[in-house]
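Using the UniProt record's numbering, you'd call the opening residue of the sequence shown number 1 and step up by one each time.
Source of the hints: derived by calculation from the structure; they are not laboratory data.
Since we're looking at a predicted model, the values are computed, not measured.
Just so it is clear, CB atoms sit at the ideal spot from N, CA and C, and this is done for glycine as well.
Don't take each hint at face value.
[What the hints assert, rightly or not] EDC-like mimics (lysine to aspartate or glutamate), calculated; alpha carbons at most 20 Å apart, straight line: (1) 80 <-> 93; (2) 25 <-> 59; (3) 25 <-> 53; (4) 92 <-> 59; (5) 80 <-> 12; (6) 80 <-> 27; (7) 41 <-> 67; (8) 25 <-> 72; (9) 92 <-> 72; (10) 97 <-> 67; (11) 25 <-> 67; (12) 70 <-> 51; (13) 115 <-> 85; (14) 92 <-> 116; (15) 70 <-> 88; (16) 98 <-> 116; (17) 80 <-> 63; (18) 25 <-> 49; (19) 41 <-> 85; (20) 41 <-> 59; (21) 70 <-> 85; (22) 115 <-> 93; (23) 41 <-> 27.
[Claimed, not checked] Here are the simulated distance ranges between beta carbons: (24) 19 <-> 116: 17 to 27 Å; (25) 116 <-> 90: 43 to 53 Å; (26) 108 <-> 82: 30 to 40 Å; (27) 87 <-> 115: 16 to 26 Å; (28) 63 <-> 97: 29 to 39 Å; (29) 63 <-> 88: 37 to 47 Å; (30) 96 <-> 56: 40 to 50 Å; (31) 49 <-> 116: 20 to 30 Å; (32) 82 <-> 56: 32 to 42 Å; (33) 53 <-> 115: 41 to 51 Å; (34) 114 <-> 54: 46 to 56 Å; (35) 47 <-> 19: 15 to 25 Å.
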Amino acid sequence: MHLYLTSNSPWDTTYCTESGQVIYKAESRGLLGPRHITISKVQPARTIELDADGKVPEEALKDAFVEIGKVEWHAIWSAKIRVGDGEEVSVKDFFRKKGWGLYGRGRVFTGPEGKEYVWKMDSIKPKASPLLGLLQH
Numbered sequence: 001m002h003l004y005l006t007s008n009s010p011w012d013t014t015y016c017t018e019s020g021q022v023i024y025k026a027e028s029r030g031l032l033g034p035r036h037i038t039i040s041k042v043q044p045a046r047t048i049e050l051d052a053d054g055k056v057p058e059e060a061l062k063d064a065f066v067e068i069g070k071v072e073w074h075a076i077w078s079a080k081i082r083v084g085d086g087e088e089v090s091v092k093d094f095f096r097k098k099g100w101g102l103y104g105r106g107r108v109f110t111g112p113e114g115k116e117y118v119w120k121m122d123s124i125k126p127k128a129s130p131l132l133g134l135l136q137h
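Full structure from sequences and hints, please.
Right, dumping it as structure tokens:
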């Protein structure tokens with residue numbers, strides 16, 4: 001599966017499939033000092049209960065997300081990442097540089113199931129998120 005960012009900002013975007021289905025989102029806060037980024041995954045479809053008037057409540061039509069990781073990004077020193085309930089590690093230790101391309105080096109990381117994944121850069125936007133592990137290497 002390939003994921004595509006809906007904006008040029010990987011820390012404030014949704015990650016979608018080629019058909020436009022949202023799978024993940026990244027939201028950040030903090031402009032001065034460290035930037036705190038929360039990564040969330042969309043929840044599977046759920047049963048929707050009608051309200052007293054027999055209508056679908058507007059809130060039920062919104063995607064439900066669950067947090068799967070956090071990044072603390074620093075401009076000067078090494079950023080930190082935590083996936084799930086795991087321990088914080090330095091981003092440079094989590095992502096390994098690999099190969100060369102027209103748009104820079106790719107980043108490889110090992111997912112929680114032990115598989116390696118790659119973040120590939122493209123001319124306009126990255127094609128996958130390094131936190132989400134959906135492009136198998």
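Hints, one by one, checked against the model:
1. 80 <-> 93: holds (9 Å)
2. 25 <-> 59: Roughly 18 Å between the alpha carbons, so the hint for residue 25 and residue 59 holds.
3. 25 <-> 53: violated (33 Å)
4. 92 <-> 59: violated (39 Å)
5. 80 <-> 12: At roughly 17 Å apart (the allowed maximum being 20 Å), residue 12 and residue 80 satisfy the hint.
6. 80 <-> 27: Holds, because 16 Å separates the two Cα atoms, which is no more than 20 Å.
7. 41 <-> 67: holds (6 Å)
8. 25 <-> 72: This hinted pair holds, its Cα atoms lying about 16 Å apart.
9. 92 <-> 72: Cα-Cα ~13 Å, so holds.
10. 97 <-> 67: violated (26 Å)
11. 25 <-> 67: Satisfied, since the Cα-Cα distance of roughly 9 Å is no more than 20 Å.
12. 70 <-> 51: violated (35 Å)
13. 115 <-> 85: holds (18 Å)
14. 92 <-> 116: holds (16 Å)
15. 70 <-> 88: holds (9 Å)
16. 98 <-> 116: Distance ~12 Å between residue 98 and residue 116 Cα, so the pair holds.
17. 80 <-> 63: Answer violated: residue 80 to residue 63 is near 28 Å, above 20 Å.
18. 25 <-> 49: Answer violated: residue 25 to residue 49 is near 26 Å, above 20 Å.
19. 41 <-> 85: holds (15 Å)
20. 41 <-> 59: holds (18 Å)
21. 70 <-> 85: holds (10 Å)
22. 115 <-> 93: holds (16 Å)
23. 41 <-> 27: OK: residue 41 and residue 27 at ~12 Å, within 20 Å.
24. 19 <-> 116: 17 to 27 Å: holds (26 Å)
25. 116 <-> 90: 43 to 53 Å: Violated, since residue 116 and residue 90 (Cβ atoms, about 18 Å apart) do not stay within the stated range.
26. 108 <-> 82: 30 to 40 Å: violated (19 Å)
27. 87 <-> 115: 16 to 26 Å: Holds - the Cβ-Cβ distance for residue 87 and residue 115, about 20 Å, lies within 16 to 26 Å.
28. 63 <-> 97: 29 to 39 Å: holds (33 Å)
29. 63 <-> 88: 37 to 47 Å: At roughly 28 Å between Cβ atoms, residue 88 and residue 63 fall outside 37 to 47 Å, so the hint is violated.
30. 96 <-> 56: 40 to 50 Å: Given range 40 to 50 Å: holds, Cβ gap about 46 Å.
31. 49 <-> 116: 20 to 30 Å: violated (42 Å)
32. 82 <-> 56: 32 to 42 Å: holds (36 Å)
33. 53 <-> 115: 41 to 51 Å: Roughly 48 Å apart at Cβ, these two residues keep to the hinted range, so it holds.
34. 114 <-> 54: 46 to 56 Å: Since the Cβ atoms of residue 114 and residue 54 sit about 49 Å apart, the hinted range of 46 to 56 Å holds.
35. 47 <-> 19: 15 to 25 Å: holds (24 Å)
The structure fails hints 3, 4, 10, 12, 17, 18, 25, 26, 29 and 31 (numbered hints given earlier, in ascending order).
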